[in-house]
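Protein chains in written order, with my numbering: chain P, 1 to 331; chain C, 1 to 249.
Quick caveat, the hints were computed from the structure, so don't treat them as lab data.
Bear in mind that the values here come from a model prediction, so they are computed numbers and not experimental data.
One should not assume that every hint holds.
Computed from the model, here is a short list of chain P residues facing chain C with C-beta under 7 Å [unchecked claim]:
1) 189
2) 210
3) 285
4) 288
Label pairs and their computed distance ranges (CB to CB) [to be verified]:
5) 87/C with 296/P: 28 to 38 Å
6) 193/C with 105/P: 46 to 56 Å
7) 168/P with 73/C: 45 to 55 Å
8) 151/C with 116/P: 26 to 36 Å
9) 239/C with 204/P: 50 to 60 Å
10) 328/P with 222/C: 54 to 64 Å
11) 105/P with 88/C: 33 to 43 Å
12) 168/P with 150/C: 20 to 30 Å
Using N, Cα and C, we set each Cβ at its ideal position, and we do this for glycine too.
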Amino acid sequence: MTRPPMRNTARQTTLALLVVAALAALPLFLGTYEVDLVAKILVLAIFALSLELLVGQTGLVSFGHAAFFGLGAYTTALLLQDPDPRSFWLVLAAAMAMAGLYALPVAALSLRTRGVYFIMVTLAFAQLVYYVFHDTKVAKGSDGIYLTGIPQFSLAGWVPFDITKSLPFYYVALVLLCLVYAFLASLGASRFGRALAGIRANEQRMRAAGYATYPYKIAAFVIAAMLAGLAGFLKATRDGYVNPEMLAWHESGAVLLMIILGGLGRLRGAVIGAFAFVLLQEFFKNDAVFGDFAKRWQLLLGITVIACVLLLPHGLVGLSAQLRRRGNRDG
Amino acid sequence: MAEILLAARGITRTFGGLVAVNGVSLELERGAVHAVIGTNGAGKSTLINILSGELPASAGSVELLGRDVTRLSQPSRALLGLGRSYQRNTIFPHFTVAENCRLAAQARRQRPWAVWESAARCADAMPRARAALERAGLADDAERLAGSLPHGRKRQLEIALCLATQPRVLLLDEPLAGMGAEETERMLALLAQLKPDHAILLVEHDMDAVFRIADRITVMVNGTAIASDRPDDVRANPDVQRAYLGAGH
Chain P
1 MTRPPMRNTA RQTTLALLVV AALAALPLFL GTYEVDLVAK ILVLAIFALS
51 LELLVGQTGL VSFGHAAFFG LGAYTTALLL QDPDPRSFWL VLAAAMAMAG
101 LYALPVAALS LRTRGVYFIM VTLAFAQLVY YVFHDTKVAK GSDGIYLTGI
151 PQFSLAGWVP FDITKSLPFY YVALVLLCLV YAFLASLGAS RFGRALAGIR
201 ANEQRMRAAG YATYPYKIAA FVIAAMLAGL AGFLKATRDG YVNPEMLAWH
251 ESGAVLLMII LGGLGRLRGA VIGAFAFVLL QEFFKNDAVF GDFAKRWQLL
301 LGITVIACVL LLPHGLVGLS AQLRRRGNRD G
Chain C
1 MAEILLAARG ITRTFGGLVA VNGVSLELER GAVHAVIGTN GAGKSTLINI
51 LSGELPASAG SVELLGRDVT RLSQPSRALL GLGRSYQRNT IFPHFTVAEN
101 CRLAAQARRQ RPWAVWESAA RCADAMPRAR AALERAGLAD DAERLAGSLP
151 HGRKRQLEIA LCLATQPRVL LLDEPLAGMG AEETERMLAL LAQLKPDHAI
201 LLVEHDMDAV FRIADRITVM VNGTAIASDR PDDVRANPDV QRAYLGAGH
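Isolated chain P, as found in the complex (with noise of 0.2 Å):
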């Protein structure tokens, strides 16, 4: 699934370009409903790009990714808990910062164990974040609380907008989204990124060449875990609202779905697999279409999922390249 060194990066950034392109001018021809809508899914965006980091490019399989999330989150709101506005970056920095500071011992202790073990520790630790908001008075228990401040932002003293406006807070979502998209992407060519992809290849040949495996998967851990922090932010800001179902399992669950709906091992899988798992279940949910039987969107999102993985098994990314296969043999 690693390609040779990109032969075709021009061809790539052009069209990288006009996504981005086609994204900026989105708004234009939307309703705020539907600005809201894509402005979530970049968020998630963000959130499955974290996760590709330590699943696609690194081999971890980790099922509790939400607990960095929904500390990021958490963090936001209770540092938003008096009106006075707090500068954006400060409260940005802060849910990055928390996220990765709870992800340091989880790594250190999680990352000593391989495989199916790695994902019970993992969700183990994010079940442990997920009581302690659900089971104590840290923040109102299972009621969640309301942001009652805004994060402000501002540069160098000039507030040009109110990021918890639809409009403002898609365009801030969209070019962190690219940040985060360009930071992982250079990572991913640089000699750290190389090496992730060899530990995900052969952990043994790397240590047998000098590679100390070990801190370097801990150092994609807390990478990965501030990244969905930073997701865990936006995703608070823009709501106003935290609860814990953010850091429950089945939202560890849905972004791993992201994932591999999108595709392995590409991090633009990420981002359309974000974008697939939003959207199906936007679809099954309209009643419109499915009348009453839309209250059980779930079963027929996860049929799809299954059907997905079943008949793509390099995801949606991965779906042109199966069929020029496919009318090869044919031809």
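Following the hints, put chain C in place on chain P, whose structure we already have.
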């Protein structure tokens, strides 16, 4: 005077009640191939894993280039100049042959924080990777995907991955496993060519090859080294004949 690059003294390893390796000592000198032979379960793999740092020894010490490395991890030993190959290939099948070697060569200068630098353009690793490929006879296959190589070439790549880190000591675990006659000849020629500037430990089941290329042979039975001598003396040793080579060899 021979240059001893790796010295193991009194290596013992127990797993519960089982003594897998029992007080084995050996020295690897530059310009020589030291073969370790023995039946399956004799403790050869355990020994090589202890020397490379993958398994801690229960007792004994390992010295690499005059430095006590008994407590050092495998990656640290690798960076000091210890390379090893595995019985089962440890190549990166989805990378090109060149990138396989580049990744191994990059271990010498990892710079993990420099996430803005493209690995493909790092000037220091590429020449070392290319030299390793050429030495292992894979220069023409550089742009192929490693997973698509025939078996013999994959075994050569396994060796090239060791060479890319510029080791001085090579631990080779059955480099001839599963090879045809022609591939075996090519590999033996490669080992002969590596011999002058490396100290080589060779674990191998192909006895003809071992007796052709080894300068010294250690015979292991049930975790103990029952003989360690020049090939002719090992062949004549009655204990070895009884325990391993079988009558009539």
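Hints versus structure:
Taking 7 Å as the C-beta cut-off, the interface hint given for residue 189/P holds, the closest approach to chain C being about 5 Å. Annotation: residue 210/P was flagged as interfacial toward chain C, and the flag holds, the nearest CB pair being 4 Å apart, inside 7 Å. Below 7 Å, beta-carbon pairs count as interface contacts, and residue 285/P has none with chain C, the closest being about 38 Å; its hint is therefore violated. Taking 7 Å as the C-beta cut-off, the interface hint given for residue 288/P is violated, the closest approach to chain C being about 45 Å.
For the hinted restraint 28 to 38 Å between residue 87/C and residue 296/P, the CB-CB distance of approximately 53 Å leaves it violated. Checking the proposed 46 to 56 Å range against residue 193/C and residue 105/P shows it holds: the Cβ atoms sit about 50 Å from each other. Distance hint check for residue 168/P and residue 73/C: the Cβ-Cβ separation is about 51 Å, which falls inside the suggested range of 45 to 55 Å. A C-beta distance of roughly 31 Å is found between residue 151/C and residue 116/P, which places it inside the suggested range of 26 to 36 Å.
At roughly 35 Å, the beta-carbon separation of residue 239/C and residue 204/P lies outside the given 50 to 60 Å, and the hint is violated. At roughly 56 Å, the beta-carbon separation of residue 328/P and residue 222/C lies within the given 54 to 64 Å, and the hint holds. Residue 105/P and residue 88/C have their C-beta atoms about 34 Å apart, which keeps the hinted 33 to 43 Å range intact. Range check, residue 168/P to residue 150/C: about 59 Å between beta-carbon atoms, so the 20 to 30 Å window is missed.
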